[in-house]
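In case you want the letters, here they are:
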Amino acid sequence: MQLRTLTDVRKGWQLYALFALPLLYIIVFKYVPMFGNVIAFKQFTVTKGMFGSPWVGFAHFERFFNSYEFWRLLRNTLSISFYTLIASLPFPILLALGLNYVKHERFKKTVQMVTYAPYFISLVVVVGLLFQFLDPRTGIINSFLGWFGVDPINFMGQAGMFQSIYVWSHVWQNVGFACIIYLAALAGIDPSLHEAAVMDGASKVQRMRHIDLPGIMPIAVILLILNTGQIMETGFEKILLMQNALNLRASEVIDTYVYKIGLVSQALNFSYATAIGLFKAVIGFVLLIVVNQTAKKVGQESLW
Amino acid sequence: MQVKPIRESGGDRAFNIVNYIMLTIVLIVVLYPLVYVVSASFSSSYAVLSGKVWLWPVEPSLDGYKAVFKNKNILTGFQNTLFYTAAGTLINVVLSILAAYPLSRKDFRGRNKFMLLFVFTMMFNGGLIPTYFVVKDLHMIDTVWAMLIPTALSVWNVIIMRTYFQTTIPGELLEASQIDGCNDFRFLLKIVVPLSGPIIAVIALFYAVGHWNQYFNAMIYLKNPQLYPLQLILRDILVQNEVRIDMLGDVKSAAARQGLRELLKYSLIVISSVPLMLVYPFVQKFFVKGVMIGSIKG
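Top to bottom, those sequences are chains A and B.
Under the numbering used here, the first residue of the first sequence is numbered 3, with each subsequent residue one higher.
Under the numbering used here, the first residue of the second sequence is numbered 119, with each subsequent residue one higher.
Just so you know, not all the hints are guaranteed correct.
With a Cα cut of at most 27 Å, we get these calculated DSSO-like pairs of lysine-lysine [stated by the list, open to error]:
#, chain 1, residue 1, chain 2, residue 2
1, A, LYS262, A, LYS50
2, B, LYS254, A, LYS262
3, B, LYS403, A, LYS111
4, B, LYS341, A, LYS240
5, A, LYS298, B, LYS231
6, B, LYS403, A, LYS105
Calculated from the model, a selection of chain B residues having no Cβ within reach of chain A, i.e. all distances over 12 Å [unchecked claim]:
#, residue
7, LEU193
8, PHE201
9, ALA204
10, VAL262
11, GLU293
12, ILE318
13, LEU345
It should be emphasised that the hints constitute simulated quantities derived from the structure, not laboratory data.
Just so you know, even glycine gets a beta-carbon here, dropped at the ideal spot from N, CA and C.
Could you build the full structure based on these sequences and the hints that come with them?
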C-alpha cells in the first residue's frame, strides 16, 4: 500500500506540480487566517505579535455576550437574513414557471436578458441608485408620492424601513439570475409527463401545480438548505454602504460591527473583533451541519 | 416544456393572458430604474433637479458625461479597475484550471483529502481580521497585489470547473494521449483547455464581475488614492455624496451646481456599468451550463 502510494505520486508528479500553486493559496489565505483566530483568546497587540501577546481565555467572548450590543447585533443579523431568505425564495420560482409557458421566444429572451442585467451592477451602484431614487428632495419616489399629497419621506433615515429597502432591492437585483437554475431544472423535466397530462385534459395551471412544481422542488430544497446554512452571512458589503447614523439601530449586524471594531474605530481592538467574528463563523458552521443532517433525516436531498 | 394541445381551453387562454401580464410587470419593474438612469444622464441638470424626467431624456445634454471625463480621479479609477479586472481574472482563471484539473483526475492520489481541504474553506471562514493580518504580514497593504492575490481563487468556481472536466473530457482521450507519450502538462494545455471554452468563458465572467465590482478589499487594503479602483471613487460620489466643487468646473450658481452634481452621478452610474452590460449577453448562453454544473454534487 505504502509502496503503491509512492509510485503513484512519483508517476503523477506533474499533477502535483500543477496543484502546488492553488494549494499554496488555500493554505496561506484560508487556513493561516483560521489559525490566526487564536488572537481571539489573547490580548493581541501589534508590538508583541501573535505569539508574544498574553492569553486571556474566553474573556473577549464573555465581554461580547454580556455587552449591550450583543442582542441587537444578533437580532439584526438574523432578521435581515431570514427576511432575505423568505422574500427571495418564491420570486425566482414564479418567474421560471411563468417563462416556461411563454411561446414567443423573443419575449422570453427579452425578459431573461433584462432580468439578468441587475445582477451585474455593482453594489456601490445599486446603493447609489437607491439613494438617488429615495432622496427626500430630488428622488423620483418622493416626486411620485408628492402627486398624492404625501410629504417627502427620508427613507434612508428611518430605521424601520432599512431592512425592507435592503431586502427588496436584493430581490430586484437577483431574481433573474436566481431563476436560471429553476429554468434549467424545468427543462430537465420529462416531456412525456406533460404530454400524458395534456391527453388527460389537464389545464396549464394543473400541469404547473402537479408536474413543474414537484419537478423543481428538490432544487428549491437544496438551495434553501444551502442558504439556511449561510444565515449568519448577511450581505455585509451592501449593508455597510447603506448604513448611516439614523438607521444604525436596524442596520448594525455582526459583520459590520467586526469591521468597525477591528479596522476603523479610534480604539482598535483586534482581539475583540476577531472573537466576535469567530463566534459568528462557529455558529454558521454548526448551523450548516445541523441543517444538512436534518435534511438527510427528512429524506430530502442533502448537500453531501 | 412546450406541448401543443389540440386546442386551448378557456382556462388555458386566461392563464396565458395572466402569465403575459405578470411577466410584463416584472419586465417593467426591473427595467424602469435602468431606463430612468440612462435617460436622466442624458438630460439637462435643471430637468433632473426639478423632477421632469420620467421616461425619456428631457432637454438632452451631455453635461454630465463631460463632467465625468474631465475628472482625473474617475479616469485613474477607470484605468486601475481595467488593470485589476484583466490581471486579476487572468490569475483567477489560471489558478482555477490548475486546481480543478488534478482534482478531476481519478488517479490523482489524495484528491478526496484535497477536495475536503478546499470545500471546508467554504463552510468555515477565517474571518476579516485574521485575513487582514495575513495580507499585512505579506506586505501587500497599499500595493496592487492586495487587489489581485487575496481573491486569487474561488473554491466554488474550482468545483464547477472540476465537474465540467469530469463530465466532458472522456477518459479514453487521456489514455490515448498517454500511449502516444503525451505528458500531463501537454494534455492540459493542448487538449483540456481547448475543449473547455464555454466553462472558461463563464468562470472568467464571474471572476471579472467580482473584480470590476469590488470595493471592500480596496477600502481596507488601499490607502494611496492613485491605486483606487473605480468603485471606491463611485462610493465617495454616490454613497458618501462627496462631490468636490472643482469636479463641477466653472459652474457658478448653487442651484446649477446641485443639478450638475446629480447629473454627474447618473452619468457615472451609466459609464461604470456599461462595460459589463456589453460583455454579458455574449456569455449568457453559457450561463445555464455553468450554473447547472455547479449544482451537481461532486
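Exercise for the section: Taking the shortest Cβ-to-Cβ distance between LEU193/B and chain A, state whether it exceeds 12 Å. Expected result: holds, 18 Å
Exercise for the section: Just double-check ALA204/B for me: nearest Cβ-Cβ distance to chain A has to come out over 12 Å. Expected result: holds, 17 Å
Problem - Beyond 12 Å from every chain A Cβ - status for VAL262/B - result: holds, 17 Å
Handout entry: Non-interface claim for ILE318/B versus chain A (Cβ beyond 12 Å)
Key = Label holds. Min Cβ-Cβ 16 Å, cutoff 12 Å.
Handout entry: Pairwise hint evaluation, LYS262/A against LYS254/B, where the allowed Cα distance is 27 Å at most
Key = Holds, at about 18 Å.
Practice task
Decide if the proposed pair is consistent with the structure: LYS298/A and LYS231/B, CA atoms, cutoff 27 Å inclusive.
Solution key: holds, 23 Å
Exercise for the section: For the pair we were handed, LYS403/B and LYS111/A, check the Cα-Cα distance against 27 Å. Expected result: Given pair LYS403/B, LYS111/A holds - Cα atoms ~11 Å apart, limit 27 Å.
Problem - Distal placement of GLU293/B relative to chain A, Cβ over 12 Å - result: Fine: 14 Å to the nearest Cβ keeps GLU293/B off the interface.
Exercise for the section: Quickly compare the C-alpha distance for LYS262/A and LYS50/A to 27 Å and report which way the hint goes. Expected result: Holds - the C-alpha atoms of LYS50/A and LYS262/A are around 22 Å apart, at most 27 Å.
Problem - Least C-beta distance between LEU345/B and chain A, which was stated to exceed 12 Å - result: It holds; LEU345/B is separated from chain A by about 17 Å at its closest Cβ, greater than 12 Å.
Handout entry: Pairwise hint evaluation, LYS105/A against LYS403/B, where the allowed Cα distance is 27 Å at most
Key = Within the cut-off at roughly 19 Å; holds.
Practice task
Find the nearest Cβ of chain A to the Cβ of PHE201/B and say whether that gap is larger than 12 Å.
Solution key: Answer for PHE201/B: holds, closest chain A Cβ roughly 17 Å.
Consistency note: the structure conflicts with none of the earlier hints.
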